[in-house]
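Q: Residues per chain, in single letters:
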Amino acid sequence: MMKRLLITLASVAFATFCASAQAQLRIEISGVGSNQIPIAIAGFADENLAPQQVSAIIKADLDRSGYFKIIDTGTTMSETTAIKFADWKARGAFDLVVGSVQRLADGRFDVRYRLLDVSKQTQLSGFALTDSADHTRLTAHKIADDIYEKLTGVPGDFATRLSYVTQSGREYKLQVADSDGENVHDALRSNEPIISPAWSPDGTKVAYVSFENRKPVVYVQNLVTRERTVVANYKGNNSAPAWSPDGSRLAVALTLSGSTQIYLVSASGGDLHRLTNSSGIDTEPRFSPDGQSIYFTSDRSGGPQIYKMSVAGGSAQRLTFKSDYNISPRISPDGKTLAFISRREGQYQLYVLDLATSQELRLSDSSSDDTPSFSPNGRYIMYATKSGGRGTLAVVSIDGSVKHQLTTQLGDIREPTWGPFMK
Amino acid sequence: MRHIPALALVVASSVLFAGCSSTKLEEKAAPQTEQSTGSTTPTQQDKHDVQTIVTQPTENQTADRSVYFDFDSYVVREDGKPVIEANAKYLSSHKNVQVLIQGNTDERGGTEYNLALGQKRAEAVRKSLAVLGASDAQLEAVSFGKTKPKAAGHDEAAWAQNRRADIVNK
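Protein chains in written order, with this note's numbering: chain P, 1 to 423; chain W, 424 to 593.
Quick caveat, the hints were computed from the structure, so don't treat them as lab data. Ideal Cβ placement from N, Cα and C applies to all residues, glycine included. Mixed in with the good hints, there may be bad ones.
[Unchecked claim] The calculated label-pair distances, taken between Cβ atoms and stated as ranges, are:
id, chain 1, residue 1, chain 2, residue 2, range
1, P, 357, W, 558, 53 to 59 Å
2, P, 222, W, 583, 40 to 46 Å
3, W, 560, P, 247, 33 to 39 Å
My request is simple: use the sequences and hints to build the entire structure.
A: Written as structure tokens, this is what we have:
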């Protein structure tokens with residue numbers, strides 16, 4: 001009898017952060033905020049010198065945020081152009097954005113911008129940013145972030161990245177993209193599923209679960225050095241990685257003991273420490289922003305509910321009571337709001353719970369919501385859902401008013417995680 | 424017995440730094456050397472060192488490897504018992520054979536929670552196999568949850584096919 005050596009069942013490719021042949025995500029806006037700030041955005045002087053049109057990116061960002069009504073000026077205005085404020089007031093603009101782009105001798109670009117209050121005829125903000133040509137989009141996002149912050153009081157989240165998983169047939173990809181769906185890169189390609197990606201707090205790494213070994217294993221992949229480490233491959237399942245706020249540890253769900261329980265492990269692997277000790281399922285851990293508590297899903301009371309416990313161990317406090325099925329806890333960056341998925345009348349939907357008042361709000365009208373993720377400014381939640389039979393991503397503001405969807409050209413997209421603010 | 428040496432992480436890294444190309448960089452799975460940095464608890468069956476040559480069903484090994492479950496249930500039904508008995512019998516007389524018991528769920532519900540539910544199904548099969556003579560070292564219960572449905576439909580017929588544990592040679 002010939003003993004056959006089976007070399008591999010799964011072919012896995014580190015795509016080494018190559019730009020994906022299938023380009024961007026398509027974004028469709030379906031809901032806007034109730035009070036939109038009318039803002040006029042001029043073309044930036046000489047912006048066609050740079051590889052990307054800065055004013056167009058700013059317009060798209062502010063438009064997508066749902067809190068602005070974009071007025072196209074139809075003209076170019078630099079930071080030194082004389083402004084006829086009365087004209088802009090007549091056109092209904094509350095604010096005006098102008099700027100310029102200059103190419104430096106070393107090939108970098110200097111982008112200057114000003115945000116002006118049309119009524120008061122004063123400058124609200126302005127700065128210059130110098131960066132390499134391939135960071136033009138990032139520069140534009142930083143300007144949009146500044147405009148958003150100056151006019152809403154909340155930091156913008158345009159200079160951030162997303163990570164998510166796409167599936168087309170048996171090809172799975174872990175991808176990284178800018179928050180506007182541009183600049184898509186493959187971090188991993190595999191013939192087996194990839195789930196639960198999680199950004200490190202410093203934005204340099206993504207933890208994820210890969211089934212390339214025919215069982216779930218937790219990896220941490222460094223997006224800068226392109227190396228990856230196995231962080232948890234214990235007997236049974238290894239899944240649900242969640243970073244501690246200081247980036248030194250991950251909480252994970254392991255079935256080492258026979259049932260799914262939560263453990264802490266060093267972000268480079270090792271130093272394993274068991275956290276939960278129930279007879280049922282404990283999974284989906286998430287650190288609180290201060291790193292002192294863990295939110296998690298547990299069915300210790302019968303069906304899955306959301307609990308909170310101290311990182312030091314001890315008893316857990318139950319947080320969800322409506323419905324017999326509440327999973328996937330996510331805590332907002334300010335620690336005040338819990339997002340989760342609740343099954344009501346057979347529909348799996350995104351909810352938020354105010355932890356102080358215990359008031360809850362349903363944020364979606366769909367029926368197969370999964371894996372929510374807060375934006376780093378806490379204003380929006382991205383989640384996986386189904387539309388037209390396909391997996392898509394959706395974004396909703398925490399008051400439910402702003403909505404948009406992200407779809408990929410081919411196949412399904414799911415498991416989103418919103419990365420931290422980029423410096 | 425031929426042993427295939429574990430692929431060094433170095434090889435994997437050199438593949439990584441080969442630069443951007445439009446073709447896939449094929450790499451063998453199971454980064455064995457990474458395993459040693461990750462795990463501080465050496466498991467009894469350190470499967471990455473044991474180069475299990477037999478990874479396909481061998482002659483005489485049972486072909487029927489799947490056990491099905493009712494909705495929200497981890498209890499092995501009557502129709503699963505013959506499958507478990509046959510596999511337990513084979514495993515207890517072939518101690519060099521190791522298996523993964525892969526649990527699955529239907530598509531309804533959250534991904535991570537379903538991974539845990541699928542695990543309960545795998546664990547139920549594992550326990551039954553152990554009781555009937557397979558040794559612990561031969562058995563590892565894992566789960567795919569809802570990530571790899573066998574049946575693609577969105578009705579009870581498909582869901583019933585997907586609520587399943589498979590016994591797979593390592």
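Q: Decide, hint by hint, whether the structure agrees.
A: Consistency of the hints with the structure:
{"no.": "1", "hint": "P:357 x W:558: 53 to 59 Å", "in the structure": "holds (55 Å)"}
{"no.": "2", "hint": "P:222 x W:583: 40 to 46 Å", "in the structure": "holds (43 Å)"}
{"no.": "3", "hint": "W:560 x P:247: 33 to 39 Å", "in the structure": "holds (37 Å)"}
Every hint from the earlier list agrees with this structure, and none is contradicted.
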